[in-house]
Amino acid sequence: MIALEIEHLSVRYGRTVALDDVCLRVASGEIVALVGPSGSGKSTLAAAAMDLLPVQAIEQGVVRIEGTDIRTLPEARLEALRGGRVGIVFQEPATALNPALPIGRQIGEVLELHTALGRDEIATEVARLLARVGLDLSPQRYPHSLSGGQRQRVAIAMAIAAEPPLLLADEPTASLDPVAQAEIGALLLSLVRERDMGLLLVTHDLALARRIADRVVALDHGRLGDQALLPVPAAPRAPREGGETLLVLDGVTRTYPERHGRVAALTDVSASLARGETLAVIGESGSGKSTLVRLALGLDQPDGGRIAIDGQEWKGARGRDLRAMRRRVQAVFQDPAASFDPRQTVADIVAEPLHLLGRLPAAERIAMVVEALAHVGLDADAAVRLPQAFSGGQRQRIAIARALILKPDLIVFDEALSALDPILREEITRLLLRLQADHDLGYLFIAHDMDLVRRLADRVLVLRQGHMVAVGPIATVFDRADDPYLAALLASAD
Amino acid sequence: MTRWIGPILLALIAAVALLSIVWTPWNVAAIDVARRFQPGSFPHPLGTDQLGRDLLSMLMAGAGPSLGVASLALAIGLAGGVPLGLIAAARSGWADEAIARAADILFAFPALVLAMLVVAVLGPAASHAALAIGLFNIPVFVRVTRAAARSIWTRDFILAARLAGKGRWLISLQHILPNVTGPLITQATLQLSLGVLAEAALSFLGLGAQPPAASWGRMVADAQTLIGVAPRLVLLPGLAIVLTVFAINLAGEALRERLAPETGL
Numbered sequence: 001m002i003a004l005e006i007e008h009l010s011v012r013y014g015r016t017v018a019l020d021d022v023c024l025r026v027a028s029g030e031i032v033a034l035v036g037p038s039g040s041g042k043s044t045l046a047a048a049a050m051d052l053l054p055v056q057a058i059e060q061g062v063v064r065i066e067g068t069d070i071r072t073l074p075e076a077r078l079e080a081l082r083g084g085r086v087g088i089v090f091q092e093p094a095t096a097l098n099p100a101l102p103i104g105r106q107i108g109e110v111l112e113l114h115t116a117l118g119r120d121e122i123a124t125e126v127a128r129l130l131a132r133v134g135l136d137l138s139p140q141r142y143p144h145s146l147s148g149g150q151r152q153r154v155a156i157a158m159a160i161a162a163e164p165p166l167l168l169a170d171e172p173t174a175s176l177d178p179v180a181q182a183e184i185g186a187l188l189l190s191l192v193r194e195r196d197m198g199l200l201l202v203t204h205d206l207a208l209a210r211r212i213a214d215r216v217v218a219l220d221h222g223r224l225g226d227q228a229l230l231p232v233p234a235a236p237r238a239p240r241e242g243g244e245t246l247l248v249l250d251g252v253t254r255t256y257p258e259r260h261g262r263v264a265a266l267t268d269v270s271a272s273l274a275r276g277e278t279l280a281v282i283g284e285s286g287s288g289k290s291t292l293v294r295l296a297l298g299l300d301q302p303d304g305g306r307i308a309i310d311g312q313e314w315k316g317a318r319g320r321d322l323r324a325m326r327r328r329v330q331a332v333f334q335d336p337a338a339s340f341d342p343r344q345t346v347a348d349i350v351a352e353p354l355h356l357l358g359r360l361p362a363a364e365r366i367a368m369v370v371e372a373l374a375h376v377g378l379d380a381d382a383a384v385r386l387p388q389a390f391s392g393g394q395r396q397r398i399a400i401a402r403a404l405i406l407k408p409d410l411i412v413f414d415e416a417l418s419a420l421d422p423i424l425r426e427e428i429t430r431l432l433l434r435l436q437a438d439h440d441l442g443y444l445f446i447a448h449d450m451d452l453v454r455r456l457a458d459r460v461l462v463l464r465q466g467h468m469v470a471v472g473p474i475a476t477v478f479d480r481a482d483d484p485y486l487a488a489l490l491a492s493a494d
Numbered sequence: 001m002t003r004w005i006g007p008i009l010l011a012l013i014a015a016v017a018l019l020s021i022v023w024t025p026w027n028v029a030a031i032d033v034a035r036r037f038q039p040g041s042f043p044h045p046l047g048t049d050q051l052g053r054d055l056l057s058m059l060m061a062g063a064g065p066s067l068g069v070a071s072l073a074l075a076i077g078l079a080g081g082v083p084l085g086l087i088a089a090a091r092s093g094w095a096d097e098a099i100a101r102a103a104d105i106l107f108a109f110p111a112l113v114l115a116m117l118v119v120a121v122l123g124p125a126a127s128h129a130a131l132a133i134g135l136f137n138i139p140v141f142v143r144v145t146r147a148a149a150r151s152i153w154t155r156d157f158i159l160a161a162r163l164a165g166k167g168r169w170l171i172s173l174q175h176i177l178p179n180v181t182g183p184l185i186t187q188a189t190l191q192l193s194l195g196v197l198a199e200a201a202l203s204f205l206g207l208g209a210q211p212p213a214a215s216w217g218r219m220v221a222d223a224q225t226l227i228g229v230a231p232r233l234v235l236l237p238g239l240a241i242v243l244t245v246f247a248i249n250l251a252g253e254a255l256r257e258r259l260a261p262e263t264g265l
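Taken in order, these protein sequences are the chains called A and B.
The first sequence begins at 1 in our numbering and counts up by one.
The second sequence begins at 1 in our numbering and counts up by one.
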């Protein structure tokens, strides 16, 4: 049985071609992963499969679900189809669930709409579905009391409630931490096999696609491409000798006041980073990575232990000493949209750290901005534009230029590549490796993506709930697959 | 096209207010009891009031105190509220608590009643009315500035500014203030129209601009017993107040659309 069949589908928005003559089949029990960079037409394809395209879209071609051409169906039948014959799982479970209704009600609603079950049978079925997606929770719970992974399980329970022959999942793991990502991937795989559903998995997570999909289809500028377009997982980098020690964390503890006593965000963490070396920090959400970033940047001080840059502690540094330390450490943040003041031009943004140098002649400032932009492969004329005019990858280049302008010794990357699609991520990764080699930079690299960690890092620090699980050269740590936490983190990548 | 109605109307009212400072068709202070209750005709297009003053001149002269008091009150509110809001957002802890709670306390009083008290103590005058209304604009701007600024403080670009060695105050000036102007302008137009209404209410009670200066609120008050004899003496100044508030709100709407077209707020 063919769950989904798309033949010669083309979609245009005005003059923009979103999909160009796309043919795609998803058989029952098969997982087809649809990958591609942002703006490649993935979401348009998913919307077309449910006949949910915006009215401005001009559509040509045939979409069949279980052999029925959905474009010939009247609206009433289409409504029965969505949620009934086609289950949908969205990227952001926080917004896909209704915050005002208990989860049991929301799953029950799907059953009410799409099956002939009575009230008691629905209650039984809801309990069975919750158990099936691995949730040992009362159906009376509200979405806000669940974690991201649990919410996504609820969303999956809703999607499969009416036993649809086809499931559409649009970036179902993108907003989850690595452990939850691995679990949701495994859950989808087992459901597809058990229920003989077809699954069209829209994602830009190649690792996930490779792990659970039977076939991977790449979409680029609205055309189906071949897999050769996709970046190949790169070989881990060769171990290198680090230079002099740059950053030292020694028994670092940071606690925050809470309603009852204090809660520890980091407990007794020790690590070091040498010039020219990359230390990756990995761990699930809430493991203390963000606290570590703030401490390493000197934006926050530890309660215990010491943090030093080149032997000099952040704690107690004042005035000229503090400014001298700040000049050596810069950062690149996760979300390129939030890391720039929307009212400043690229020149103002990139020049911001120059504040640490005091007053400079305008000509000198401009020369330094242009040089920093050149290092990241941007033209000088980018300087006069606003950051909103740039794409995600270019914005991250601007952020890197800002971090580079003072020629620091250490750059902290806080999930800096997570928001990028695989092709851009590959580009920026190459840029980072080149810059590191050229300028002998130390990188403190916070990441979710294990492929990236293998590619970039020399050593790795694994955190769990604020405690160190492991620290050491990447090969040594990643070989310890006997540790279940580490195994789960690593499984999210391959 | 409709988006221009508000700004154009407001500009006209402001132009009339400015014109009335140097010229009105008749002297509004000149009482001529012999010519009272004249209907609209050639020398007096809108007729005369119970004391024989030209109604058109009175309406023109009334625009000045109305917009003037509201603008001055707005300026007081902005000058007091924005810095306090920025300080509260920049400093967590006692300073923030003190400013926020003080604003809450000022909010808890019915503004107009307290404004009456302030004017009663200082003595009735247009400038005192502006001071009283402005005082109650301050907590409004403290709140708006503080709330908007706090959300900006959590953004990554503030971390980047701190890494550049910038202190709280410099960040407040260079990054926070430019990014809170949107909500501030929105709130400012609201407070301006509320100011026009408050000025009308105070001068209706005799606490605003004093005779012989003209004022819409007092025109309504003086003529209220004559509504059966000459309804235009009450209706026209009332209409002028409504039209001004309407113009400010439309202009504010247009401004908001320009500043944040996607939010539709």
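I should point out that these hints are in silico values taken from the structure, not numbers from a laboratory.
Please note that the accuracy of each hint is not assured.
Stated by the list, open to error - Over the 12 Å line for every Cβ pair with chain A, so calculated as not near, a few chain B residues:
id, residue
1, Ile21
2, Ala160
3, Val229
Said to hold, decoys possible - Covered stretches of chain A, as calculated for chain B (at least 3 residues, CB under 8 Å):
id, segment
4, 321-333
5, 340-346
A virtual CB, placed ideally from N, CA and C, is assigned to each residue, including glycine.
Here is what the structure says about each hint:
no.: 1; hint: Ile21; result: holds, 37 Å
no.: 2; hint: Ala160; result: violated, 6 Å
no.: 3; hint: Val229; result: holds, 58 Å
no.: 4; hint: 321-333; result: holds (count 7)
no.: 5; hint: 340-346; result: holds (count 4)
The structure is inconsistent with hint 2 alone, although it conforms to all the rest.
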